[in-house]
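With the hints as a guide, dock the two chains, each given alone in a separate frame, to form the complex.
Going line by line, the protein sequences match chains A and B. Number 778 marks the last residue of the first sequence (my numbering); no jumps. Number 198 marks the last residue of the second sequence (my numbering); no jumps.
Everything labelled a hint here was simulated from the structure, so no lab data went into it. A few of these clues could be false.
In silico DSS-like cross-links for lysine-lysine, where the CA-CA straight-line distance does not exceed 27 Å [stated by the list, open to error]:
hint, chain 1, residue 1, chain 2, residue 2
1, A, 445, A, 646
2, A, 119, B, 102
3, B, 112, A, 8
4, A, 71, A, 19
These are the residues of each chain, in order.
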Amino acid sequence: MGHSLKRKEDIRFIQGKGHYVDDIKLPGMLYMDIVRSPYAYAKIKNINIEAAMKVPGVIAVVTGRDLEKYNLHWMPTLMSDTQMVLPTDTVMYQAQEVAAVIATSKYAARDGREAVKVEYEPMKPVIDPYKSLEPGAPVLRPDKPGKTDNHIWHWEAGDKAKTEEVFSKADIVVKEQMHIPRIHVASIETCGCVADYDKINNHLTMYMTTQAPHAIRTVIALVAGHVGLTEEKIRVISPDIGGGFGGKVPVYPGYVIAIAVSFLVGKPVKWIEDRSENLQADSFARDYHITAEMAGTKDGKILATRFKILADHGYTDASANPSKFPTGMFSIATGSYDYGTAFMEADAVYTNKPPGGVAYRCSFRVTEAVHAIERMTDRFAMEVGKDPAQLRLDNFIKKEDFPWKSPTGWIYDSGDYHKGLLKAMDAVNYHQLRAEQAEKRKKGELMGIGISTFTEIVGAGPSKDFDILGIKMFDSAEIRVHPTGKAIARFGTKSQGQGHETTYAQIIAEELGIPAENIAVEEGDTDTAPYGLGTYASRSTPTAGAAAAMAARKLRDKARKIAAYLLEVSEDDLEWEPGKFFVKGAPEKSKTIQEIVFASYTNHPQGMEAGFEATHYYDPPNLTFPSGAYICVVDVDKETGAIKVRRFVAIDDCGNIINPMIVQGQVHGGLTQGIAPAMYEELIYDEAGNILNGTFMDYLVPTAVESPKWETGHTVTPSPHHPIGAKGVGESPTVGAPPAIANAIVDALSPYGITHLDIPITPFKVWKALKEKGAI
Amino acid sequence: MLKQITVTVNGEQHTLEVEPRLLLVHMIRELLNLTGTHIGCDTSSCGACTILLDGKSVKSCTVLAVQANGKSITTIEGVAKDGQLSPLQEGFKENHGLHCGFCTPGMILRATELLANNPNPTEEEIRWGIAGNLCRCTGYNNIVKAIQYAGAKIRGEELPSTEPEFV
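For reference, chain B alone in the conformation it holds in the complex (with noise of 0.2 Å):
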């Protein structure tokens, strides 16, 4: 009943032998203990459970451990690189981008890819492209300011302003 699947997690591979049925986030969390992905929902709505998977974000949730077979999967504990975090993870420490930080691995991952398409997004282009991913504390505001800091950082940009605006 039990199949072996082999996927590079963060850039180490696994072999794991798992139910064809476990899902993906499972397989993450329960399997590997990367406990960084969360779960929020049941219906694929909230994606705090959102990874990389060959660079596309995904809501873990909604893929079977056994359609990860052979890909490369990043997790939010595999984002920093040798800990130096990426613009994205310092986007939303410096612009208060995240209250109870819940939602945060999978709003760092699903605007990972987001700025590895379009590194000069918009608002609205943000908007959309985090509208598959819920928070309920900070009002997106400051999500957004993070992600613009970030794209400006990777490309290479004067930083914006982290401070608060107020009218």
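With the rest of the complex left out, here is chain A (with noise of 0.2 Å):
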């Protein structure tokens, strides 16, 4: 623990030996390509395959009407909406899945593609999800009964007849309209499988790029148990992942026609998709418009924060989140702050948009809830003339306070918010820096600084409240350890680029003094690894690393009494040392782990149960509240808009922490993804639902040009109810980092009178502003 081990799962990825879906090849195996909607909305009035039925290697084409006769042409989504496999009468979003082509090769499966014709009665399509509220709107899902207009369902939180008090009597109550648009997680490697159907054994192996393969095993079963795939028949293998951050958790109908048509031909079916599908097609996050208020004193006391949201899921609610929570953790919005009043609502909408959403590597949408309570604490405090600074001094929760229970009902379980922010003020050296920004004012030149002081909340979670479709999302671990003293244990999580083989490891090295490079860490393949709901919203240190703790914990007790049997003393007389057992005040009677663990094959005690396992199923008892003290500082060219970020400090406090390298390796990764939706990202959709940005020649990943240096520190505050103290951090920077980077854009353009832009703040978007406020 705290040793910067360096990663166990590089040699192989340094070496082009990583095992990818992709790298994935099986005799016999037939290759799917997949014919998409031209059209956000429109009917079908025919699927001419005839053309591409021709195309020499091309064995089948596959469309709704074929999935129907089986009953698969639909599915449930992670949030209990319904969503089409292929349709077989109306498409509902551009790119939507029409038909699949089946081929001998990838370039066959293409050709076929190319050569289906599919005639469409164009229709006009709900973008505006403003619109789809008003009356008129064309009822997008008729195929629901008893839907009559475009709602999904309506949430609440927190208490409105107070906050609604608190507003009317307030000195300064502020408010602002914002939208977090839709992005794409866009991980390197795309979406695919290989869907491997044995007919004589009626056994499904479906290896796909999951982040949460037991949960998936449960769905297919689901989906298709009725064709006799139960779910002792199934295999899901999720091989090495490149990149998820929450766009590998749900089904997407893909893999779902993939195992149909491996099932009807019985031989394995490869489908991969291109990168162009997978920013059309699959699972978007964000897009929530909020109407943020805050109220308060004039002196810069927060009092209550009032946040109403329309979310836009487009044409299904493909959520990824727990069950009971369609808005995620967003009721995390009231943030670090010590009030006592706050009420949330939120109207979730069908438009004729691809179906979401997904994390975008942020735990259920607390980044909106963050963005949110960030940008209106600093448009208070510019309300009030109050450094923002010293207004987040002034209103945070303190360190004396904890455990802490927020207005909308959650119990924060750590956090010393004062020293993280004094930290991160200290090191950019804050003071000076509002010095420079005041000379630079003088002559007209724009410099901003913005801070982000978050509080996040991972490590779903406790069984009481969170499930998916039911399933608890605890996690769990199972620890084999070899009679050589050399261990393998197993995960229901899955590392996407995380690091597991290296933490995990070291967790058990902790408990059980088994050197770290000793213990093989295998995760992702059903057969072999315990039940688990996967990684995803920073679950897995929280959860399964948890449960490694836990199994840890129930061999050493193991061992103790082995040990005592081996140096015939009581199990009172011997302390533990990482590594071994030893008999109080005589520390040269010991054992050791390997020594032990030997006996327990050799010579255990008559009675006991042989061999060196032990699994556990670890229910947390609280979700964790990572939190953040995030200082970005911006220099704005005021003629083109031009946006520099010249310093970005990130103090985050993941409670005690594993692997100081690794952790700062996810906060940078967590930071790039952080800039990117503050300042290039956005999927835009035109008036007739045509995706104007659907490749990567016009999303705007950053590279290594547009991502700046991060300057990161932390400071710990454990967690008190988690076996280790941690907390988990992957999401901590994503989450955080927008509101600082939009903090510090608004603050450049405040002389202006600018109070808000919505991201990604783009040059074009500051210079429009400036010119509108006559600045330029």
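Shown next as structure tokens:
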């Protein structure tokens, strides 16, 4: 623990020996390509497959009508909505799957795809989520019994009456309308699978890009159980995953079609989407329109917040949230501040856009929540004329007030927000920057300093509240130690780059004293790993990491018994230090963990079970609440609107740190995925529902040039309820960075009366705002 | 319809019958089963498929296999020599220059040419030098560090610390 052990997994990746789904090649394997809709909303008049079937190598074209015969044309979403696998009558968004072409090679499948002729009757789509709720808007989901409008659900948290009362009496009320735009995780590996159905044994092996292999196995069984694919006949293997960020949680139609085709033809079927398909059709993230308000006193005390959300879910609610939380963890939006009153509400709507949403490296809508509270805190500071750092210091929940109950009911486990912000201010030399800014303003130069002091909520979650389709959100670890004292540990989670092979081994090494290099970590095979809900929402360390510690502690208890037997003393006479038990007062009388393990196979006490293995399913007692204090410094060119991030200091608090190098790496990566939506990324649709930037040519993933040199550090406030005091960190920076950047840019522009700009804040947006205010 | 080509890949000569439209990346992955070269996009934007073609880094999704006729190709599988990691491979491993590993082979091949042309690049030259290769995981700080480490190693200078630096 606390050691920057170099990663065990790297040796294969740096030599091209990573094993990703597209690297799998099975005998007789067929290739699938997908015909997609050019229209956002249209009736399908006819699908002519004649020419496609004549393409050499094409063996089948599958349509919704084909799947309908097996009742496989619809599937459930994780939010208990429904989604077409392939349409029988109507397409609901551009790039929706319309038919699948199966061929003996990748190129033949693509040729076949081009030869399929689909006749559409386009209809006027609903793209604007506000218009979707207007009377007279076409009802997009008549397939849902009794549906007469496009409203999906309404959600509320907090105390409406009390909040209204505080707002009505407050000295100061600030309000902004903000859009957290639709973005895409764009992991560099796209999604795909090889579905390998064995007709003789009635068994499916599904190699796929999934962050949650066990949950997917259960979902496949629920979708395909009626055709004989029951859960024991399904093996899901998630090999090396080239980045996930939430985009590899859902079940996409392509997976289901590949399974259906493999089931029907009895051959392995590979489907790998290309980048444009990935951007245009796979689950988006965000797309929240938020009316945000904050009330407070004129001397800068926050009293209440009110957030009203319109959530655009596209054609179906395919969010990847815990089932009881339609807005995910948005109700963390009261943030790091000590005030007692808040009210939040959300309405979700259908539109003719691809379904979602997923996380984009964030714990279930925490990014939206943090953006809202951190932007409004700055807005409030601006209104009362107080320095935003000081205003935060004056309003933070105090260290001694933890555990702290938030106005929306969360129990924050621990935190020291003052320490984090003061450290960040010190690192960036905050007061000197403010002095420099004042000088620059006199000369008409634009420099901005932005702060974000966020609280995350991760590690879903306690079984009392957290489940996905009824399955509780525990996670698991199984440790087997071999007679020679080396171990294999298996988990229900699945790394997509987080370094689990190293960090889990470090946790077990810490608890059992077996060197980390002697502990193999395996994930992603449902036939071998214990059941778990997978890796997303920064939950692996809080849940499976805890399970590893708990399973190791079970083994340590067993080791104590064996050591007592071998040393002929009572268990109470033994003391543990990492790697061995020794007799109190006689340290020369000891047994190493390796000797004890060997004895468990060769000389175990009578009446004790032989062997040395343990499994633990960890049900967390609470979520964990990592926090951070980020400060961004920008220079803005007044004439062009160009924005240069001069410095960015990130101080994170993720509790106890297992591997500082990996934690820092996670923070670096998350920060780049924070600047991405803050300044570059947005999926843009026109009124007809055409995506205007559906490729990597125009969907701007930051390169090494746009990504600043990040400066990072940490404070350590352990989680009191986690076995090793850790909290999870992978997503904090993605959550915390966008408002720091937005606040910095708005701060730079504030002398001209600009109070808010929606992300992504582009040079054009800045230039336009300055122009409108007469600044240029 | 098929064209015969001869290519040297990682020092080994191959004669192949290929469709004229076959992309070099598909030749490498599908015909030679060298799956360390990855595909991350369809617009030559991401650089995951970067290889060396006669010593120059190219995106192998943007080259036809027939254009490689008579040429020499290095893929990630050919970078380590006799079990010895290249300075860049070592740099990436020692400096946590990778997370999921998907962009890593392309990054290493691109940086190989970068350092061959300029063994002592500034940070800015490194950042611009790898701007054709996207990484979604690392935030690039440690990729830059990995390339600086490899540069020092190639130049025979003292190696920079691989410990993470914190403010």
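Hints and how they fare:
no., hint, verdict
1, 445/A to 646/A, "holds, 18 Å"
2, 119/A to 102/B, "violated, 41 Å"
3, 112/B to 8/A, "holds, 22 Å"
4, 71/A to 19/A, "violated, 42 Å"
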